[in-house]
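Enquirer: Sequence order for the protein chains is F and Y.
Residue 42 in UniProt numbering sits at position 42 of the first sequence; the count goes up by one each step and never skips.
Residue 140 in UniProt numbering sits at position 140 of the second sequence; the count goes up by one each step and never skips.
Hints listed in this document are in silico derivations from the structure and should not be mistaken for laboratory results.
Computed from a predicted model, the values in this text were never measured in an experiment.
Please note that a few of the clues may not be correct.
One copy or two, it doesn't matter: identical chains are merged, so the pair holds either way.
Said to hold, decoys possible - With a straight-line cut-off of 30 Å between C-alpha atoms, the simulated DSSO-like cross-links for lysine-lysine are: (1) 119 to 231; (2) 172 to 37; (3) 172 to 242; (4) 119 to 40; (5) 242 to 37.
Protein chains: 2
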Amino acid sequence: MPRIKCTISYDGTGFSGYQVQPGKRTVQGELEKALEKMNKGTSIRVSASGRTDAGVHARGQVIHFDTTLEIEPARWHIALNSLLPDDIFVLSVDLAKPDFHARFDAVGKEYRYFLLLSKHRDPFQRNYAYQFQYELDHDAMRKASKQLLGTHDFTSFCSAKTEVEDRVRTLKEIDFYEENGFLVFRFVGDGFLYNMVRILVGTLLEVGTGRRAADSMLQLLANQDRTLAGKTAPGHGLYLWKVFYDEEVLAIRK
Amino acid sequence: MPRIKCTISYDGTGFSGYQVQPGKRTVQGELEKALEKMNKGTSIRVSASGRTDAGVHARGQVIHFDTTLEIEPARWHIALNSLLPDDIFVLSVDLAKPDFHARFDAVGKEYRYFLLLSKHRDPFQRNYAYQFQYELDHDAMRKASKQLLGTHDFTSFCSAKTEVEDRVRTLKEIDFYEENGFLVFRFVGDGFLYNMVRILVGTLLEVGTGRRAADSMLQLLANQDRTLAGKTAPGHGLYLWKVFYDEEVLAIRK
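Model the full assembly from the supplied sequences, consistent with the hints where possible.
Expert: And the structure:
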């Protein structure tokens with residue numbers, strides 16, 4: 001049965017997160033509703049690279065699903081976008097290998113976090129960036145980022161609710177750049193724990209405002225205690241930017 | 001009784017337009033609700049430079065109201081912003097002359113219209129710019145704009161529902177610029193009729209795509225017939241950008 005891979009973008013504002021929940025509007029729910037329409041009422045289960053929380057956005061979420069419909073990727077693209085609501089957009093559609101898995105084959109992810117550098121609320125950014133009015137010491141944040149890079153147990157940087165036992169992850173890149181009044185953090189890693197990016201941002205902001213020492217990250221990691229890290233930054237500044245797969249995994253079956 | 005002038009910004013997405021309507025969420029309604037709270041339950045009527053339609057945004061709408069409260073402008077600013085919902089923001093507050101009127105004293109307005117130049121929907125821009133996928137001939141649009149500049153009867157460019165009898169207005173500037181994937185139209189004039197900017201945009205887009213001659217604007221104005229102009233462009237691309245007042249009118253009473 002053909003397996004289809006899609007890269008999708010969504011504005012997380014109107015969703016109770018990615019994952020299906022009874023009675024709630026979710027990204028997965030809307031995707032499965034559109035596919036069910038195309039499939040004449042037969043339900044199709046969609047798998048994603050991972051969940052996103054309520055209010056969190058995606059610029060490059062990856063999903064897959066199986067179908068018996070004999071439709072070319074280009075036509076899937078058009079059909080899905082015509083059936084999906086305005087706040088979800090399918091960026092690309094590919095025919096995948098039959099054993100491709102959006103989640104298990106992912107070898108890395110990139111997240112970005114947008115701060116609106118302003119003393120004032122901006123009604124147009126209220127759902128798309130975290131308004132932050134304090135001066136930030138970029139050197140201090142860069143120093144702290146360096147200590148966070150690499151392979152560590154990130155227990156201190158994940159929600160206490162995390163059920164995953166293995167909390168060792170590799171952070172490959174952390175940087176930030178200013179653009180049009182925003183400060184944008186980039187995080188690339190092999191995988192991220194629940195709330196990990198938002199806690200990393202919250203902690204780096206404490207470093208940037210001088211409330212936490214730039215060279216205290218290794219100790220914080222070693223402590224393996226969530227209560228010692230910074231606040232969880234708000235979800236509406238966060239974007240799942242890209243999901244990485246090995247070339248071989250992606251090679252399309254023809 | 002002190003008269004207060006405020007410049008405000010709002011995301012029009014969540015409003016049924018500016019003006020109060022029973023049972024609908026409107027900008028004026030939210031402003032008056034906030035003022036009523038400050039005024040311990042006594043209602044205060046707010047006057048604006050003009051209405052905006054459902055979905056239309058503002059970056060520099062001007063309003064005024066009278067108050068018996070003895071509060072400094074800086075404190076009004078903070079208090080109002082703390083009481084207003086996230087999609088309205090007060091940019092500035094001034095003590096006005098007692099006879100200042102946001103609407104009748106306005107000597108001009110600037111509107112901007114945002115086109116998202118893209119073949120694809122962008123979930124993040126769906127409420128903030130009109131997605132437009134066709135090539136536009138800028139020279140043709142510039143020629144047409146020149147014919148529209150100046151003082152004309154704009155009957156062809158206002159909604160047939162317009163009840164105003166005098167449809168003579170002066171367009172002082174029309175131009176457009178590209179920025180970050182958007183084409184932004186700027187319109188400055190002494191006043192604008194109902195739907196006038198959106199019909200101007202719709203007509204210029206027909207010129208830009210070659211469906212209407214660039215030198216046909218004077219004839220179109222002369223015909224004074226709305227049915228001969230272009231379509232009304234969608235409201236969600238439109239921003240009330242600035243309202244102009246004479247310096248003398250603005251001089252603050254101390």
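Enquirer: Let me make sure I understand: some of the numbered hints might not hold for this structure. Which ones are they, in numerical order?
Expert: Going through the list in order, the structure violates hint 2 alone and respects the others.
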